[in-house]
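Colleague: Each chain is listed here by its residues.
2 protein chains.
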Amino acid sequence: MKNVNKTQQIAVFKALADPVRLEIIQYLKQSDHEVSCGEVGRKIDISKTSGSYHFKLLQVAGLINARKEAREKYVSLNQATFDKYVTNFYKNI
Amino acid sequence: MKNVNKTQQIAVFKALADPVRLEIIQYLKQSDHEVSCGEVGRKIDISKTSGSYHFKLLQVAGLINARKEAREKYVSLNQATFDKYVTNFYKNI
DNA sequence: TAAATAGTTCAAAATGTTTTGAACTATTTT
DNA sequence: AAAATAGTTCAAAACATTTTGAACTATTTA
Numbered sequence: 001m002k003n004v005n006k007t008q009q010i011a012v013f014k015a016l017a018d019p020v021r022l023e024i025i026q027y028l029k030q031s032d033h034e035v036s037c038g039e040v041g042r043k044i045d046i047s048k049t050s051g052s053y054h055f056k057l058l059q060v061a062g063l064i065n066a067r068k069e070a071r072e073k074y075v076s077l078n079q080a081t082f083d084k085y086v087t088n089f090y091k092n093i
Numbered sequence: 001m002k003n004v005n006k007t008q009q010i011a012v013f014k015a016l017a018d019p020v021r022l023e024i025i026q027y028l029k030q031s032d033h034e035v036s037c038g039e040v041g042r043k044i045d046i047s048k049t050s051g052s053y054h055f056k057l058l059q060v061a062g063l064i065n066a067r068k069e070a071r072e073k074y075v076s077l078n079q080a081t082f083d084k085y086v087t088n089f090y091k092n093i
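Chains as they are written, first to last, in the UniProt record's numbering: chain A, 1 to 93; chain B, 1 to 93.
I should point out that these hints are in silico values taken from the structure, not numbers from a laboratory.
Please note that the accuracy of each hint is not assured.
As the list claims (entries may be wrong) - Label pairs and their calculated CB-CB ranges: (1) A80(A) x K56(B): 32 to 40 Å; (2) T7(A) x K56(B): 23 to 31 Å; (3) S50(A) x K2(B): 23 to 31 Å; (4) R42(A) x A80(B): 31 to 39 Å; (5) K48(B) x Y90(A): 26 to 34 Å.
As the structure is a prediction and not an experimental result, all values here were calculated from the model.
Don't be surprised by glycine CBs; every beta carbon is placed ideally from N, CA and C.
With the hints as constraints, model all of the structure from the sequences given.
Modeller: This is the structure in structure tokens:
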């Protein structure tokens, strides 16, 4: 695999292989600006503990950018990771 | 998600989220012609039971085409599925 | 026709992931 | 200062995936 880290490649696909996380990603894409974890969690109706778990996984995979401001954590999609590990996956195998 | 089946979308990412299956896919891509399950299994050194399990998952996800000829099963990548569910994923969210 | 080969199926064991609730930290509001 | 809000951490429970070996079917070779 060209230029990609195999461990991250698998973390990316694992992160995408879940309906809750796909909903999160969907919401973040259509928001197209930073939103708080709480806002996302409310919209897709998951507990805050579960949200915390899923946001962490997405973050470790590099699929989201996260920034903590005071009490709140703001997240947005990291397009570069999608490009490198998803969009260009087939080409780079 | 535009034009994609959510259940298949998740099956695709689950199928890709495993090191053994990534090796299989890698081998199939560089072979660029049909190869038997046995040949792949030998190259990446997995038991035939395990191979059978992984090839089935790839097949159910639509990522490989499979054809049984007599004793042997020949497989190849299904590029259309990669295009639709992986390469175009971000665009279609 | 017996033995070998390719692959599948099944159930059990081993591993890994996700959800839950309680307890926690840090910040903001009353 | 107390209460409320946003999010994290932890351990346990619930659930899902993967590996293993034995038994099986079907085909080919000796």
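Colleague: With reference to the structure, classify each hint as holding or not holding.
Modeller: Hint check:
no., hint, verdict
1, A80(A) x K56(B): 32 to 40 Å, "holds, 34 Å"
2, T7(A) x K56(B): 23 to 31 Å, "holds, 25 Å"
3, S50(A) x K2(B): 23 to 31 Å, "holds, 27 Å"
4, R42(A) x A80(B): 31 to 39 Å, "holds, 38 Å"
5, K48(B) x Y90(A): 26 to 34 Å, "holds, 27 Å"
Checked against the numbered hints above, the structure breaks none of them.
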